[in-house]
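Asks: The chain contents come next:
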Amino acid sequence: MKTMRARLPKDAASLALGADRVAAALMASAAKQGIDLQLTRTGSRGMFWLEPMLEVETDKGWRAFGPLALEDTDAIFSGTSTKALGPIDEHPWLKRQTRLIFNRCGQIDPATPPEFSGLKRAHEIGPAAVLEEVTKSGLRGRGGAGFPAGIKWKGCADASAPQKYIVCNADEGDSGTFADRMLMEGDPFLLLEGMAIAGFATGATKGYIYIRSEYPHAIAAMQKAAAQFDALDIEIRVGAGSYVCGEETALLESLEGKRGQVRAKPPLPVHHGLFGAPTVINNVLTFASVPAILEHGAAFYANLGMGRSRGTMPIQLAGDVKQGGLFETAFGLTLGEIVNDIGGGTWSGRPVRAVQVGGPLGAYFPPSLFDTKFDYEAFAARDGLIGHGGVVVFNDSVDMLAQARFAMEFCAIESCGKCTPCRIGSVRGQETIDKILRGQSVNDNLALLRDLCDTMKSGSLCALGGFVPYPVLSALNHFPQDFAR
Amino acid sequence: MRAAPASYTDASAAEIVARFADVKGGLLPALHEIQATFGFIPRAALKVIAKGFNITEAETYGVVTFYHDFRLDRPHGKHVLKLCRAEACQAVGANALAAHVKQKLGVDWGGTTADGEWTLEPVFCLGLCMIGPSAMIDGDVHGALDAAAVDALVQR
Chain A
1 MKTMRARLPK
11 DAASLALGAD
21 RVAAALMASA
31 AKQGIDLQLT
41 RTGSRGMFWL
51 EPMLEVETDK
61 GWRAFGPLAL
71 EDTDAIFSGT
81 STKALGPIDE
91 HPWLKRQTRL
101 IFNRCGQIDP
111 ATPPEFSGLK
121 RAHEIGPAAV
131 LEEVTKSGLR
141 GRGGAGFPAG
151 IKWKGCADAS
161 APQKYIVCNA
171 DEGDSGTFAD
181 RMLMEGDPFL
191 LLEGMAIAGF
201 ATGATKGYIY
211 IRSEYPHAIA
221 AMQKAAAQFD
231 ALDIEIRVGA
241 GSYVCGEETA
251 LLESLEGKRG
261 QVRAKPPLPV
271 HHGLFGAPTV
281 INNVLTFASV
291 PAILEHGAAF
301 YANLGMGRSR
311 GTMPIQLAGD
321 VKQGGLFETA
331 FGLTLGEIVN
341 DIGGGTWSGR
351 PVRAVQVGGP
361 LGAYFPPSLF
371 DTKFDYEAFA
381 ARDGLIGHGG
391 VVVFNDSVDM
401 LAQARFAMEF
411 CAIESCGKCT
421 PCRIGSVRGQ
431 ETIDKILRGQ
441 SVNDNLALLR
451 DLCDTMKSGS
461 LCALGGFVPY
471 PVLSALNHFP
481 QDFAR
Chain B
1 MRAAPASYTD
11 ASAAEIVARF
21 ADVKGGLLPA
31 LHEIQATFGF
41 IPRAALKVIA
51 KGFNITEAET
61 YGVVTFYHDF
71 RLDRPHGKHV
81 LKLCRAEACQ
91 AVGANALAAH
101 VKQKLGVDWG
111 GTTADGEWTL
121 EPVFCLGLCM
131 IGPSAMIDGD
141 VHGALDAAAV
151 DALVQR
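So the protein lines, in turn, are chains A and B.
First residue of the first sequence? That's 1 in this note's numbering, and the numbers climb one at a time after it.
First residue of the second sequence? That's 1 in this note's numbering, and the numbers climb one at a time after it.
For the record, the hints were derived by calculation from the structure and aren't laboratory data.
In this text the structure is predicted, and so the values were computed from the model without any measurement.
Note that the Cβ used here is the ideal one computed from N, Cα and C, for glycine as well.
Heads up, a few of these hints could be off.
Stated by the list, open to error - Straight-line distance between alpha carbons at most 30 angstroms, and here's what the computed DSSO-like set of lysine-lysine pairs gives: (1) A:Lys-136 to A:Lys-373; (2) A:Lys-224 to A:Lys-10; (3) B:Lys-51 to A:Lys-258; (4) B:Lys-24 to A:Lys-418; (5) A:Lys-136 to A:Lys-2; (6) A:Lys-258 to A:Lys-224; (7) A:Lys-154 to B:Lys-24; (8) A:Lys-120 to A:Lys-95; (9) B:Lys-47 to A:Lys-418; (10) A:Lys-60 to A:Lys-10; (11) A:Lys-418 to A:Lys-435; (12) B:Lys-51 to A:Lys-418; (13) B:Lys-47 to A:Lys-258; (14) B:Lys-24 to A:Lys-206; (15) A:Lys-224 to B:Lys-24; (16) B:Lys-24 to A:Lys-265; (17) A:Lys-2 to A:Lys-32; (18) A:Lys-32 to A:Lys-136; (19) A:Lys-435 to B:Lys-102; (20) A:Lys-95 to A:Lys-60; (21) B:Lys-78 to A:Lys-10; (22) A:Lys-457 to A:Lys-265; (23) B:Lys-102 to A:Lys-206; (24) B:Lys-24 to B:Lys-47; (25) A:Lys-258 to B:Lys-24; (26) B:Lys-102 to A:Lys-322.
Unchecked claim - Chain B stretches covered by chain A per the calculated footprint, using a threshold of three residues with CB under 8 angstroms from any CB of chain A: (27) 19-31; (28) 36-43; (29) 64-76; (30) 99-106; (31) 124-132.
Claimed, not checked - A partial selection of chain A residues facing chain B, derived with a Cβ cut-off under 8 angstroms: (32) Ala-16; (33) Trp-62; (34) Ser-175; (35) Arg-237; (36) Ala-240; (37) Gly-241; (38) Ser-242; (39) Phe-275; (40) Asp-320.
Using the sequences provided together with the hints, build the complete structure.
Replies: So, in structure tokens, the structure goes:
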């Protein structure tokens, strides 16, 4: 019997497109043709318009097929498939990327521990040198705030306490983002390795990963991996449907078993974090960037990117886009390149009208700002943010008043209630936009809405209330015709 | 999907609480386990939880009601359909799909059909933003949905 090795993702998005049924059909088709199909279920390569995507090993390397439906499986083994995509490593969408975090994702069995080359090097050079490498690499927090990781780690390392913690923020609640989920499902050991390096560098001996409950597949993959990992004692905790728990201090409260209410800062978590102890809290992608920095050196990493945004960022393309998925690349591409070249424009074929970058609290950009470079400072200079790297494309049917109203509604639903500008401002914001919608004193209410945004921006305790003005004001400034009555 | 929910007794709740009472920050894991066991958080359990964690009943109530996931005294239907309402799914028609589903099931967000078969819940992002509109039914994920696809799923 001929043996054939193949890989098919079990990423949640691939499953949502029927990957399990395709897997069963593949096994049946292979058996009919006398082939012993050794199918490894992997994470995804991130090209979701081609999912479910199969990779088959041939004497000319790995070749891909997709998107596969149940009726496509017979033809793969008879060599007559019309879904052949050719050698996967030559695929232009993958070839154009610089994959440091997602290098292995889609190619490995997520449940098998890999070589921990970054951690090995960390142990060779010692904690102080690890801190220096991470600092010199220029790595900034990938959760959205962009705080230099090396400085955060050093703060925790310098704190003296009997117990310190490493906490991973895997509460990826921003719409349009899925990189954390993909990594946890496709290469969970990379995250564990990054956290273990952080523990080694700072003297923290216990780690927690706080994963949102909306990600059951990621939770299962991380639990399986953590059970086989002994470089750091890591516990997986599950959120309970609260968006604000993605804010670091609310997350710590939630981990402590309390309401997920934001804490006033200072004190910073590096001094007074989980259970009052010095704590490094970083996003999944921040920790997952570290093994490559240790393995290749700070200079290699710092050579990628632009300005103060160094290294790579997994850009997540979503919404009405032809080629949706994950594209990891050095900072510096323009928004237009991301949407039109990489994304291939809209899936619907309608013109692009607005692109929301950075999740529900990110600004809406019109195509006239498509020359904005993907970089923390470049987006900030245009009253936007890159956040966690989500790019959501809207076509010309979008009503920007409705999007502005949704931003306020979402903030009202998810506000933790601790500070007044966010708790009450978001409700008043919805009401004011509704008045504009009804044509009631439009100019006065537009002025009131701007004033309210100003209050929320400068008066809120955290980024939920503080950043809601980004989508609202960008909708208002770039698409004023949608507010005219 | 777990087996059918167990019926509530103080003793079985206390047994769950006891497993988590000594875990640092164990209240959320305990609440998840109680909900998984009984299908929701029965009000009677608040007293048991408070006692086990040595916190007030008011504090327990505060935590339970803070989180969208926890269903205080609100059993759900036989199946739960969570439909994504977030921006990336909105960009590909989630609002129209939601209106269709509400009409089809005859319920609003949070409602359960009269026959007790379906509970409709909003969810703000399942991380399936590149294949929207997306939904989760009893823990299984579904993408690239339209009205016909959802109809087929709720009629199976």
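Asks: Now look at each hint and say whether the structure bears it out.
Replies: Going through the hints against the structure:
{"no.": "1", "hint": "A:Lys-136 to A:Lys-373", "result": "holds, 23 angstroms"}
{"no.": "2", "hint": "A:Lys-224 to A:Lys-10", "result": "holds, 15 angstroms"}
{"no.": "3", "hint": "B:Lys-51 to A:Lys-258", "result": "holds, 16 angstroms"}
{"no.": "4", "hint": "B:Lys-24 to A:Lys-418", "result": "holds, 24 angstroms"}
{"no.": "5", "hint": "A:Lys-136 to A:Lys-2", "result": "violated, 51 angstroms"}
{"no.": "6", "hint": "A:Lys-258 to A:Lys-224", "result": "holds, 27 angstroms"}
{"no.": "7", "hint": "A:Lys-154 to B:Lys-24", "result": "holds, 26 angstroms"}
{"no.": "8", "hint": "A:Lys-120 to A:Lys-95", "result": "holds, 29 angstroms"}
{"no.": "9", "hint": "B:Lys-47 to A:Lys-418", "result": "holds, 26 angstroms"}
{"no.": "10", "hint": "A:Lys-60 to A:Lys-10", "result": "holds, 25 angstroms"}
{"no.": "11", "hint": "A:Lys-418 to A:Lys-435", "result": "holds, 27 angstroms"}
{"no.": "12", "hint": "B:Lys-51 to A:Lys-418", "result": "holds, 27 angstroms"}
{"no.": "13", "hint": "B:Lys-47 to A:Lys-258", "result": "holds, 17 angstroms"}
{"no.": "14", "hint": "B:Lys-24 to A:Lys-206", "result": "holds, 12 angstroms"}
{"no.": "15", "hint": "A:Lys-224 to B:Lys-24", "result": "holds, 21 angstroms"}
{"no.": "16", "hint": "B:Lys-24 to A:Lys-265", "result": "holds, 23 angstroms"}
{"no.": "17", "hint": "A:Lys-2 to A:Lys-32", "result": "holds, 12 angstroms"}
{"no.": "18", "hint": "A:Lys-32 to A:Lys-136", "result": "violated, 56 angstroms"}
{"no.": "19", "hint": "A:Lys-435 to B:Lys-102", "result": "holds, 26 angstroms"}
{"no.": "20", "hint": "A:Lys-95 to A:Lys-60", "result": "holds, 17 angstroms"}
{"no.": "21", "hint": "B:Lys-78 to A:Lys-10", "result": "holds, 27 angstroms"}
{"no.": "22", "hint": "A:Lys-457 to A:Lys-265", "result": "holds, 16 angstroms"}
{"no.": "23", "hint": "B:Lys-102 to A:Lys-206", "result": "violated, 46 angstroms"}
{"no.": "24", "hint": "B:Lys-24 to B:Lys-47", "result": "holds, 20 angstroms"}
{"no.": "25", "hint": "A:Lys-258 to B:Lys-24", "result": "holds, 12 angstroms"}
{"no.": "26", "hint": "B:Lys-102 to A:Lys-322", "result": "holds, 29 angstroms"}
{"no.": "27", "hint": "19-31", "result": "holds (count 7)"}
{"no.": "28", "hint": "36-43", "result": "violated (count 0)"}
{"no.": "29", "hint": "64-76", "result": "holds (count 5)"}
{"no.": "30", "hint": "99-106", "result": "violated (count 0)"}
{"no.": "31", "hint": "124-132", "result": "holds (count 9)"}
{"no.": "32", "hint": "Ala-16", "result": "holds, 4 angstroms"}
{"no.": "33", "hint": "Trp-62", "result": "violated, 23 angstroms"}
{"no.": "34", "hint": "Ser-175", "result": "holds, 3 angstroms"}
{"no.": "35", "hint": "Arg-237", "result": "holds, 7 angstroms"}
{"no.": "36", "hint": "Ala-240", "result": "holds, 4 angstroms"}
{"no.": "37", "hint": "Gly-241", "result": "holds, 4 angstroms"}
{"no.": "38", "hint": "Ser-242", "result": "holds, 5 angstroms"}
{"no.": "39", "hint": "Phe-275", "result": "holds, 7 angstroms"}
{"no.": "40", "hint": "Asp-320", "result": "holds, 5 angstroms"}
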